[in-house]
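Student: The hints should help you fit chains B and C onto chain A, whose structure is shown.
Protein chains in written order, with the numbering used here: chain A, 1 to 360; chain B, 1001 to 1532; chain C, 2001 to 2305.
I should point out that these hints are in silico values taken from the structure, not numbers from a laboratory.
C-beta: ideal position from N, C-alpha, C; glycine also.
Nothing false has been slipped in among the hints.
Think about it this way: if two alpha-carbon atoms lie no more than 20 Å apart in a straight line, the pair counts; the simulated PhoX-like pairs of lysine-lysine are:
hint: 1; chain 1: B; residue 1: Lys1279; chain 2: B; residue 2: Lys1322
hint: 2; chain 1: A; residue 1: Lys223; chain 2: B; residue 2: Lys1253
hint: 3; chain 1: B; residue 1: Lys1074; chain 2: B; residue 2: Lys1477
hint: 4; chain 1: A; residue 1: Lys320; chain 2: C; residue 2: Lys2150
hint: 5; chain 1: B; residue 1: Lys1159; chain 2: B; residue 2: Lys1145
hint: 6; chain 1: B; residue 1: Lys1322; chain 2: B; residue 2: Lys1334
Have a look at the derived ranges for each label pair, beta carbon to beta carbon:
hint: 7; chain 1: B; residue 1: Pro1027; chain 2: C; residue 2: Thr2069; range: 48 to 56 Å
hint: 8; chain 1: C; residue 1: Ala2017; chain 2: A; residue 2: Glu259; range: 31 to 39 Å
hint: 9; chain 1: A; residue 1: Ile51; chain 2: C; residue 2: Gly2074; range: 44 to 52 Å
hint: 10; chain 1: B; residue 1: Asp1158; chain 2: A; residue 2: Ala92; range: 43 to 51 Å
hint: 11; chain 1: C; residue 1: Asp2016; chain 2: A; residue 2: Gly152; range: 28 to 36 Å
hint: 12; chain 1: C; residue 1: Gly2074; chain 2: A; residue 2: Pro86; range: 53 to 61 Å
hint: 13; chain 1: A; residue 1: Leu350; chain 2: B; residue 2: Pro1027; range: 46 to 54 Å
hint: 14; chain 1: A; residue 1: Leu350; chain 2: B; residue 2: Asn1510; range: 52 to 60 Å
hint: 15; chain 1: B; residue 1: Ser1185; chain 2: A; residue 2: Ala216; range: 32 to 40 Å
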Amino acid sequence: MAHSDSGGRSQSPPLSNADRRAARHRRLRNLSGTVLSLALTLLGLLLVTFIIGRVMPIDPVLKVVGDRATQAQYDAAYRAMGLDQPLYIQFAGYIRDVLSGDFGRSISTGQMVIDDIKRVFPATLELATLGTFIGVFVGVPLGVIAAARRGGLIDQIARVVALVGYSMPIFWLGLMGLLVFYGILGWVGGPGRQSIIYDGMVPSVTGLILVDSLLAGDWPAFKDAFSHIILPASLLGYFSLAYISRMTRSFMLEQLSAEYITTARVKGLSERAVIWRHAFRNIAIPLVTVIALSFGSLLEGSVLTEIIFSWPGLGQYITKSLLAGDMNAVLGGTIVVGTSFIALNLLSDLLYRVLDPRSK
Amino acid sequence: MKHLMTSRALLLASAIALAPAAYAETPADTLVVAAAIDDIISLDPAQSFEFSGNDVNNNTYDRLVDFDPLDLDKGFQPSLAESWEVAEDGLSITFTMREGVTFHSGNPVRAEDAAWSLQRAVKLDKTPAFILTQFGFTADNVEEKISFDGDKLTLTLDKPYAPSFVLNCLTANIASVVDKETVMSHAEGDDMGNTWLNTNEAGSGAFELAAWQPNQAVQFTAYEGYWQGAPEMKRVVVRNVAESSAQRLLLEKGDIDAARNLTPTDVDSLGDVDGLKIKDEPRGRILYMGLSQKDELLSNPAVVEAMKYLVDYQGITDSFLKGMFMTHQAFLPKGYLGALEDQPWTYDVAKAKQILTDAGIEGGTITTKVRDLREYVDVAQALQASMAEAGLTLNIEMMTGAQVLDAYRAREVPIFLGEWGPDYSDPNTNAATFAYNPDNSDEAMATGLLAWRNSYAVPEAMNEATVAATLEQDGDKRAQMYQDIQRQYQAEAPIVPLFQRIENTGLQENVQNWNSGGSVTSVIYRQVTKGE
Amino acid sequence: MSQSRDMTRREWLLSDAPQTRRQARLGAIYQGWLTFRANKLAMLGLIILVILIGMAIFAPWLAPQSPFTQNLAGRLQPPSGEHLLGTDALGRDILSRLIYGSRITLFIVGTVALIAPIIGLFIGTVAGFTGGWTDQVLMRITDIFLAFPKLILALAFVAALGASIGNAVLALALTAWPPYARLARAETLTIRNADYIAAARLQGAGPMRLLIRHVWPLCISSLIVRVALDMAGIILSAAGLGFLGLGAQPPMPEWGAMISDGRTYILDFWWVAAMPGLAIFIVSLAFNLLGDGLRDVLDPKGTKE
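Isolated chain A (complex conformation) (with noise of 0.2 Å):
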């Protein structure tokens, strides 16, 4: 127990100093690329979704003129909203309006892009981050576990556990879910983020309810709040511990067989150092890259839970938007997605820099 921290830093294979400089010198260079070439994958994403909007036969002039207007009328509105212009002059102009932080109007709302994605978004953040939470806090001990009792009961267990929930399907699960703890037992709330009766009620600060009933200090709101998303939260929860879980067991077993940790084992280590102070540590890089990932995979809107629970979140925004052909709020919706995913890639990088020790 005593020498373990020495024990921990010295399994890192030597570096020369010259082989430090150019490797950091290649994560530099290879940052910058990143960034430009994530800025271009973001433009393309827009670019893509821009021609499927186009071509997708959904008529968005009808959606916003009604199904009794005059031919004069859908005229009017089908210049207003600048569908007489070529494809590319009606991008660049988008592109343009983008730039100078004007998203459009949604024709399905009537209202700014802008401030709709700032209504949805955070349902869709505050699900996603409890839904990860509850991954990370079950799945990486169950994968340590599993991975340090190879072979064993718990082993199996984790196995199960993540191949279930790799082949159910979640709105089904959610339907279920809802029926047995909703309908039947009534030990949680119903679809929506929270009860009627407290819609509106909490002042909005950070558009994550939970967190705005706590800065209030309503209580009971935030009880309310909580009833709503916990069987949400914990279905993609469990979606994202099985991936979790199976992650972190086979990035165990990989170092548990490396050699520094056989030495760790012969200097008379107890197992749980070994596992934790030693294994652990150095799976810490390429598991917060996991953690990412499925964290962003949540924040994409995970469209049938959002669907199935009523939740007002961006998966459901972007999934009607795109059925009445709203491209405004399609593309406002994608720009936010491309760029969390951006986002993550960068945080997940800048961390691999800050956690591995090589980097230092």
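Tutor: The following block gives chains B and C in isolation, referenced to the frame of chain A:
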């Protein structure tokens, strides 16, 4: 790490244990409603044309004439107009404004506001504008045709229309009276406040709009200065809940007072629950089957006739549409002037087969597009099965409402299954679309007419009868004219009305005087009370 | 040869010193099968899938009733002797619909699992093998597709092309290929500079030939593992599209669409939604078990997890 985990687990566990199952009931002065309200795109009365948008405006605005929520059958009643007079030649109507009524802003409601509101709607020329422009108003002439003087407002018409026709149109949402001063202070360019009114309100109705969060909720607060007395409900919250099962659970748990989109099975089960009740109201919407005359098979009159016997009216209204629709085979809904309740067709596959055989039709295949709404798809599948028995194959492509509508307006839906909702409370609203189509060519682009969409060349005599009915000054004669048109329609038209919508509202036992608006208007909250 | 005739077939397969190339290859496959067979869960998965395929082939004989016959008087019946899994909202036998539905599921999974890896293989190997600008462009495109929320992209495709099974397959394939492309590219990079490629090149093999004869075969085994592991995901995505009404069209008994049908009735008639959900779960679990077992055989180090 370990430490953190246990404390979090503890927090989770305790929070679950403490989570309230639900509130036992809603506050006594608050009405909480669950409904599907994701169709709202505008709250400007000159523009809004969606069900839920009209539901909002009906409570935040008044019109010159309105319905009495406690007795819709009385028809239009004086509202902001205290009385009116029709000129002898029938070419103008003069309204006298009620005194002492104020907008939510505190401004008085004047004849000037009423005139400006109607002029504004005509000038903005948004989709519902035709309800007003059909009387000969145009952007250029409207300032002289709609004039005011002191407390008098005069409408000058281009033809001597039936007064009931004009007044029924003035109950429509587009005829809402808006607060000119307030709106103009928010005008941008020449939009006459359209952008601002899309998300705000400037009316004199019983409720003020407190908040609208798209796809989430609309909230109202009572207007204490309302001219008919402040409503008893001080707050109304309408929450967007799309799923029937979710609405039902909320109602059972006492989280809401009213659930507006319940499926038949959910209505059935709620009927047995203590403390809850169901209110049925026939609405104006007609579910019909449009048989496109562009389709080779369907343009055969024998096939049209046979199709009328291939719908299992009884079976459908007794099973998956139970309580949600009733069989109704004429284009004017029950509750309208001149509505016809004859039901000439029954489900009779043998007869349909006979008709087809007699006409020498051996069978055929039709591929159609159906909107992805449960009830339409189920009706389509039932039709698919009975058509198969008669030797006809029906292929169904499910699509979103927008996609089907696009195709329908392009005259590309062979068998249309869907609903038509009246735009205003006068029989002409349906007659003018089902039984009127002066030019059936593709170039006419009369996309607003159902007859045109189904490529149905309405006979000249029927076109004329439909127009003549709008000019008949005598109410009884007018009703008779509409009944005659409908009988002829049933005999020959390829557009087949099948069912009329019934709205089932699930309510807490203590909610009194709920009114969804019947077949003629939108929901009204001001008369609702909550007893013990 | 006379020596080998004296051995049992098993010994021949397991021989340490195979005498022909064929013996070696068959031996390796047999070894793999032994490993796979020892994995009870994987065998379970295989058995379920064999049953599923049997069900799909023999559906007309196995189904107690037609999956399309409606009976409005006998709708929403609970499971009973007459209807083992009950009836749906139009009075159709749910068991029969599930049995016929297995055909649709297998069709979707089979087609997507064929198309997506081939697109991915092609793009990935070309990118990895050619390098330079081609690589940059192809990988950027891959990234774009990867950054897009999968279900939403599929939704957009189906909305653009029209809802049908064929288009659902296409949409799923179009969203599923990027990971294969990345995998194939990574594999290609590791073998691109191998000696035998250089040797083949010296012998005058053109780039196409190198790609097809030398690069592709080496990528295939890792792609197969990946496909096996992805099958369940494809089933779930397909069901998701069906659930949103964008897959199979009525009255086809697609499982996801059946759940969506049953959703309306979930509170009183839970079996209408529960049964197809269970079917999806069992089949995708089977694919996962199989994939897990296959990985142990083809990729014992677990590097593709």
